[in-house]
Amino acid sequence: MKKKLSRKDFLKLIGGGGVTAVLAAGSTALLGRSFRKSGDYWQIDPDKCIQCDRCRTECVLTPSAVKCIHAYVICGYCDLCSGYLKQVHLERSTAAENQLCPTGALTRTFIEDPYYQYTVNEDLCIACGRCIKACQAFGNGSLFLQIKQDLCVHCNYCRIAKNCPSGAIKKVSSENPYMLKDRSL
Amino acid sequence: MILLFAINLFMCSSSLSSQEYRFPQPEFSENYQYPELNPVNPETWFVPWMDLIFLVAALVISFFLLYKFRSRTGLFIVSVLSLVYLGFIRKGCVCPVGSTQPVLQSLFDSSLILPVTTLLVFLIPLITALFWGRIFCGSVCPLGALQELLAKFNGAMPKPVSSVLKVIPPAYLILAGVSALTGSDYLICRFDPFVRLFRLNLNSVQLPLTVVFLILSVVIYRPYCRFICPYGWLLAMVSRLSLFKVRAVEHNCINCGLCESSCPADAVTKPETKDYPAKENRKKLRLILVILPFTLLLAAFSAYTAAPLLFPVNRDISMYRALTNPLEENSLERDAFWGGDISFEELEISALKAEAMWMKGIIIGSLILVLIIFGEMVLSLRNRKQNRYEADPAECLNCGRCYQACPKERVRKEGLPLKEELES
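Chains H and W supply the protein sequences, listed in that same order.
The first sequence lines up with residues 1 to 185 when you count with this note's numbering.
The second sequence lines up with residues 1 to 424 when you count with this note's numbering.
Calculated from the structure, these hints are not laboratory results.
Note that CB positions come from ideal geometry on N, CA and C, so glycine has one too.
Do not take every clue at face value.
Straight-line C-alpha distance at most 30 angstroms; calculated DSS-like pairs for lysine-lysine [to be verified]:
(1) 385(W) - 283(W)
(2) 171(H) - 353(W)
(3) 8(H) - 166(W)
Derived Cβ-Cβ restraints for the label pairs, each shown as a range [said to hold, decoys possible]:
(4) 17(H) - 338(W): 50 to 58 angstroms
(5) 278(W) - 24(H): 19 to 27 angstroms
(6) 374(W) - 150(H): 16 to 24 angstroms
(7) 346(W) - 173(H): 52 to 60 angstroms
(8) 24(H) - 270(W): 19 to 27 angstroms
(9) 244(W) - 150(H): 37 to 45 angstroms
(10) 328(W) - 150(H): 35 to 43 angstroms
(11) 328(W) - 53(H): 30 to 38 angstroms
(12) 114(H) - 88(W): 22 to 30 angstroms
(13) 338(W) - 23(H): 43 to 51 angstroms
(14) 114(H) - 324(W): 35 to 43 angstroms
(15) 94(H) - 209(W): 22 to 30 angstroms
(16) 123(H) - 374(W): 55 to 63 angstroms
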């Protein structure tokens, strides 16, 4: 014997149908827009970054998910590297007292005269931006800060993005998750 | 002024033009290979989908545990598993609570990239709530699971206090909604008390908030879920239409009321014993409808006065205010702005646009809030026609404690003979 549908249950059914219709309509409207595969990926625009040190302090992770990256094709491979050596230094060597980097993350290797290669050890980099600031000011600007997607926890709204003074951090799609510096033509 | 001009010049000169570099590209004599710039790609694409699969599986399993097997132990185990995976392993992001914001934002800003996984994370618990009630809250949400673990006391809260506190979730939803759709900030994420425990990062300016909520969770049952969570409010509204209702025992209920006294969320409602006081309620309804227009006007006026206090949440507005205020001291933001490539006129336009959006949003939001409050008051006057104890699906957090408290349910579970059989 089938139970007769009460008025309350009928209204509930209508209400449920209405809510489902609204959700379906909303979803199709959003589906029609730019829809990317998955995930929230944040990237720093290297041209806007002013190396203010907030990438080190504002990230929800410690140490920060931001690391210094070296675009080797732009680098001049100079002996007197303003990003590696302090402004006032005793000699151009790998001695710690001459290095600008507070954690010693930037390493200097001799290639051939007069070229030296500079590499970033990401495990030591804390994203303070000092080497980048100097490289931008006195060098070619081959060093830049960027969010490492394997370290980043992909927050809904990046905390560093909220506090970036120049608004340099924005969301990117999962198809193109990195904004890297390259030698422009 | 001269100082600003000098800073501007310095900034321009320090940024390199794309055509030339200070030092030429090295000419290596030997075969030198430039090291490859191969930054590690983000977590493989299927990890957010794994979260969705876990979410759906947990919801479906919880449905069976709640309504078919009626096991509080099972629900508790699912909630601990969810706390471990969705909470500590996946660091609690993106969660359905927070996903409300990008979904709302993308409705108003078509340039926003909304991942399909985020949309599904928002929709799926809502759809299950439509049929099965707040099972997401019960055993799947990691925030709820954490509070469930800490809940010690079963104290009842006086009705007036909880009625006032229940205004907070829709108000928070509206505030966070306006903030999200103007692209200002994700307030729900900013003030989430538990996410920094999941990230195991305790050196944060919002640490007191976490501590306060951890202590509150011991003293009050699930304070965030019941009185703050905006997504929980959405689930509650949708749960009112659910087909399934939580009852301590399906058949042979003797109306002893033990389920009501054991419910920590005060969700179980009594059966109607008295006649429906039609005349009284009609008077109350008339009174409510009379004061409604005045309350709406009052709300709109208060919103209009109070909205400017919220403007600084939006960065364009706060930047514009800082630049036009001669007393504001120099900051990094101002130096960065003058050195950047956005003109002051562009900033002014976007700041004023944002101010207008905020004002509109807050005023409309306050009107909607008044309608919601009055709607709840009117709904409380309706003739419930309830003849047994059952849980209000909007309040019930599907913990299963009533199953353990009910004597008839225990009889049914343990296969004990019914009293009638013993006597015969």
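Cβ separation of residue 338(W) and residue 23(H), checked against the hinted range 43 to 51 angstroms: holds, 46 angstroms
Beta-carbon spacing of residue 278(W) to residue 24(H) - inside the hinted bounds 19 to 27 angstroms or not: Violated - the Cβ-Cβ distance for residue 278(W) and residue 24(H), about 39 angstroms, lies outside 19 to 27 angstroms.
Distance restraint hint 35 to 43 angstroms, applied to the beta-carbon atoms of residue 114(H) and residue 324(W): violated, 51 angstroms
Hint consistency between residue 385(W) and residue 283(W) [alpha-carbon to alpha-carbon, up to 30 angstroms]: Given pair residue 385(W), residue 283(W) holds - Cα atoms ~20 angstroms apart, limit 30 angstroms.
Pair hint outcome, residue 8(H) versus residue 166(W) [Cα-Cα no greater than 30 angstroms]: Holds: residue 8(H) and residue 166(W) sit about 25 angstroms apart, inside 30 angstroms.
Whether the CB-CB distance between residue 328(W) and residue 53(H) falls inside 30 to 38 angstroms: Given range 30 to 38 angstroms: violated, Cβ gap about 21 angstroms.
Cβ distance range 22 to 30 angstroms for residue 94(H) and residue 209(W), holds or violated: violated, 46 angstroms
Supplied distance hint 50 to 58 angstroms, evaluated on CB atoms of residue 17(H) and residue 338(W): Because 56 angstroms falls inside the window, the suggested range holds.
Supplied distance hint 35 to 43 angstroms, evaluated on CB atoms of residue 328(W) and residue 150(H): holds, 40 angstroms
Distance restraint hint 16 to 24 angstroms, applied to the beta-carbon atoms of residue 374(W) and residue 150(H): At 51 angstroms between Cβs, range violated.
Hint check for residue 173(H) and residue 346(W) - Cβ pair distance inside 52 to 60 angstroms: With Cβ atoms ~25 angstroms apart, the hint is violated.
Hint check for residue 374(W) and residue 123(H) - Cβ pair distance inside 55 to 63 angstroms: Because 59 angstroms falls inside the window, the suggested range holds.
When the structure is compared with the earlier hints, violations turn up for hints 5, 6, 7, 8, 11, 12, 14, 15 and for no others.
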